[in-house]
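2 protein chains.
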Amino acid sequence: MNVKIAGHAGFCYGVKRAVDIAMNIEKNNGIRAYTLGPLIHNPQMVELLKKEGLMPVDDLEGCKGKKIMIRTHGTAPANIVKAKEYKCSIIDATCPYVKKAQKAAEKLYMEGYAVFIVGESDHPEIKGIVGFAKGNATVLKDENEVPLLEDIHRIGLVAQTTISENIFAKVTRKIVPEVKELRVFNTICSATKNRQISAVNLSNKVDVMIVAGGRNSANTTRLAELCSQACKKAYHVETSEEIDPEWFLKDDTVGVTAGASTPDWIVKEVVGKLIKI
Amino acid sequence: MNVKIAGHAGFCYGVKRAVDIAMNIEKNNGIRAYTLGPLIHNPQMVELLKKEGLMPVDDLEGCKGKKIMIRTHGTAPANIVKAKEYKCSIIDATCPYVKKAQKAAEKLYMEGYAVFIVGESDHPEIKGIVGFAKGNATVLKDENEVPLLEDIHRIGLVAQTTISENIFAKVTRKIVPEVKELRVFNTICSATKNRQISAVNLSNKVDVMIVAGGRNSANTTRLAELCSQACKKAYHVETSEEIDPEWFLKDDTVGVTAGASTPDWIVKEVVGKLIKI
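Protein sequences appear in the order of chains S and A.
Heads up, the first sequence is in our numbering, so the first residue is -8 and it goes up one at a time.
Heads up, the second sequence is in our numbering, so the first residue is -8 and it goes up one at a time.
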């Protein structure tokens, strides 16, 4: 079996930065900090970080006076206000690209635009961005969710950092004829774009694609979708253990890619298992 | 033969306004004013206006101290400056919708955007709008003319008032993935939109479409293109004299539409001739 790895795969700048920040927090009774939700969307890495003293919590109750780390996906300003009320010390690991999307939504809201966001409404990144538009934003999964815009003349549009450019572009195309002004901040991050392009290029050249990363990771799931479209066979796995030798023929060439929150050691284990098969 | 007229056809608000302004200028030795280029893009109406003392000129030379009328399509600010230097009295009949496009281009330029305009580069409306962006604008006919945008991060986009919404939307779709910010002012006028929708609806119901209006009229030419796509047979004529009885079968239903600069009497003559056939 011949194994090829995508040119762009695995940890992106924002995820690497967040893990670095976390690991540099001093331990206190074995605890480095509490993260509001998982720091990144990779269950294996989050388990490892727990052992290193980084504890995910669902909300701020019970965290008064403690060190609170804001995850890569960011959070709504209301949570920062609450953390301050609770006298928490705040360590902000929001990805700088997510921060740009938050600031774009805030600016558009402040300048009187109706704010629209293309992304997944239940994703923590989107919940955070909506918060920066003071809760006044419409979230669209794709162009089919663009509503009737009869009384809306000025729309401001931002993107979840990890969505497909094609969907974002289709939404703009659908909105433009319906309004007087459309101001678009293309907040899709280049890491997402590069991973998607590399994954599709590799998918076109191999017999099977393996996409490694958290099932709760939006960008990994999107990579798996794109690989399914471009390759005969594509599998999304969280760990090497999920790989089934029956997926492959003897002379297959297998491509490997990984989401922006998938650590190197998972990619290495996946490649190692494939080579053994 | 059954003749049907499109719900929206003929003189639009801006054209009617310009003709009204022109006809209210007092004559002086048989001359009302000089227009910088034809007042509207309809040769027959321009001939009629000449007899009424409205004289088109190609440029301002020879017009010192005279009454100068700015056509519906507007003009570049440099021409206004020159007319003032020449002590002309200026009567501005720029269509208010064209003025919105001019102001949008000026605002985008002043706010540091790279200005792009979707339209016909040699059309007087576009030459005027480019002038409002201090000459620094890129004109695109359609999405195929979008250039490589490697070093351009913020684009401001406006439309010729008479272009197709579909082309405008396709251009936005093509630009969005390539830039950080795209600010779009949809300056297509509702008269254009309404005439296009009415013309296509009627085209779908009739055997032959007749589109009346100047061959130099952008919006009429666009109507004729849309009718050709939606109807088996479509003909663009300037006057009733061009209509050939051989175009029709005995029981045909014929649809009639007319550009925004086509006067009522031309539409009436066209319908009259069709009924006689």
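Don't read these hints as lab results, they were simulated from the structure.
Keep in mind that a hint or two might mislead.
All copies of an identical chain are treated as equivalent in the list; a pair is satisfied when it fits inside any one copy or across any two copies.
[Claimed, not checked] Only pairs whose alpha carbons sit at most 30 Å apart, straight line, appear in this in silico DSSO-like list of lysine-lysine:
1. 165 x 57
2. 132 x 75
3. 196 x 165
4. 78 x 241
5. 57 x 90
6. 118 x 241
7. 57 x -5
8. 7 x 171
In this text the structure is predicted, and so the values were computed from the model without any measurement.
Here is what the structure says about each hint:
1. 165 x 57: Intra 47 Å, inter 48 Å, cutoff 30 Å: neither.
2. 132 x 75: Close neither inside one copy (33 Å) nor across copies (54 Å); limit 30 Å.
3. 196 x 165: This pair counts as between: shortest inter-copy Cα distance 27 Å, intra-copy 34 Å.
4. 78 x 241: The answer is neither: 60 Å in one copy and 88 Å across copies each exceed 30 Å.
5. 57 x 90: within (24 Å within a copy, 59 Å between copies)
6. 118 x 241: neither (46 Å within a copy, 65 Å between copies)
7. 57 x -5: neither (45 Å within a copy, 77 Å between copies)
8. 7 x 171: The answer is between: 23 Å across copies meets 30 Å, while 41 Å in one copy does not.
In the structure shown, a violation is registered for the earlier hints numbered 1, 2, 4, 6, 7, in ascending order.
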